[in-house]
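Each chain, letter by letter, is given below.
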Amino acid sequence: AQSVSQHNHHVILSEAASLELGCNYSYGGTVNLFWYVQYPGQHLQLLLKYFSGDPLVKGIKGFEAEFIKSKFSFNLRKPSVQWSDTAEYFCAVTSGTYKYIFGTGTRLKVLA
Amino acid sequence: DTGVSQNPRHKITKRGQNVTFRCDPISEHNRLYWYRQTLGQGPEFLTYFQNEAQLEKSRLLSDRFSAERPKGSFSTLEIQRTEQGDSAMYLCASSSRGQGVSNYGYTFGSGTRLTVV
Numbered sequence: 212a213q214s215v216s217q218h219n220h221h222v223i224l225s226e227a228a229s230l231e232l233g234c235n236y237s238y239g240g241t242v243n244l245f246w247y248v249q250y251p252g253q254h255l256q257l258l259l260k261y262f263s264g265d266p267l268v269k270g271i272k273g274f275e276a277e278f279i280k281s282k283f284s285f286n287l288r289k290p291s292v293q294w295s296d297t298a299e300y301f302c303a304v305t306s307g308t309y310k311y312i313f314g315t316g317t318r319l320k321v322l323a
Numbered sequence: 008d009t010g011v012s013q014n015p016r017h018k019i020t021k022r023g024q025n026v027t028f029r030c031d032p033i034s035e036h037n038r039l040y041w042y043r044q045t046l047g048q049g050p051e052f053l054t055y056f057q058n059e060a061q062l063e064k065s066r067l068l069s070d071r072f073s074a075e076r077p078k079g080s081f082s083t084l085e086i087q088r089t090e091q092g093d094s095a096m097y098l099c100a101s102s103s104r105g106q107g108v109s110n111y112g113y114t115f116g117s118g119t120r121l122t123v124v
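Chains as they are written, first to last, in this note's numbering: chain A, 212 to 323; chain B, 8 to 124.
Derived from the structure by calculation, the hints contain no laboratory data. Treat the hints with caution; some may be incorrect.
Stated by the list, open to error - Here are the simulated lysine to any residue pairs, SDA-like style, with alpha carbons at most 25 angstroms apart:
#1 B/K64 / A/V321
#2 A/K320 / B/V124
#3 B/K64 / A/K320
#4 A/K310 / B/S73
#5 B/K18 / A/Q253
#6 A/K310 / B/V124
#7 A/K310 / B/E63
#8 A/K310 / B/G23
#9 A/K320 / B/Q44
#10 B/K18 / A/D265
#11 A/K310 / B/E75
#12 A/K310 / B/S69
#13 B/K64 / A/S214
#14 A/K310 / B/I33
#15 A/K310 / B/N58
#16 B/K64 / A/Q213
#17 B/K64 / A/Y238
#18 A/K282 / A/D265
#19 A/K282 / A/N219
#20 A/K310 / B/F52
#21 A/K310 / B/G79
#22 A/K310 / B/I19
#23 A/K269 / A/Q293
As the list claims (entries may be wrong) - Some chain A residues flagged as far from chain B (calculated, every beta-carbon gap over 12 angstroms):
#24 V215
#25 Q217
#26 S237
#27 L255
#28 G273
#29 E275
#30 K280
#31 K282
#32 S284
As the structure is a prediction and not an experimental result, all values here were calculated from the model. Ideal Cβ positions, reconstructed from N, Cα and C, are used throughout, including at glycine.
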């Protein structure tokens, strides 16, 4: 069965620090990969997605993610975080169907 | 486009009671999904509608759970004889035929938080 692992459950950073959140998935076939963000009190919002092509994907708000097929990874990065990036981040995978498999999420707190 | 609307935002109920949640998707979206999110976990798929047809139900959806989407518009999720283990955030999402998960992802609602006491 497909699964998604997010190893960092809680991350605390100071503003301007660089961010990297890990995401690993288990599925042998073709996958589509996503990062969603949930700001406090708000709904899940799509940050970025990967379907094919360039493995370095750029999303909204300065986020990017790199798909490394050999490592089954899709890590999220941001060079310089802001206080407003405080949120919970979810990695998700689908094999092309309508169903997401989500990771357990990473709570990011950015200190001003 | 007012997004996906879910009501109520919060529901506290006593164990054994029935509860019903409502989801109003984006009007032009024909696909609707329910997910459940428990503390410390990511959302888990519950069920999927295409128009009024319920095309898939997860094994997580026990016999006490039922979801409907009459007329292919809003959807309801009912939980009968609630148990403490049902306490969770129930998320609804929608997408259109041309916006499957492989294209643009869903649009999620803000969820209904259920607490069973």
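- Looking back at the hints listed earlier, which ones does the structure fail to meet? 1, 2, 3, 6, 8, 10, 22, 24, 25 and 27
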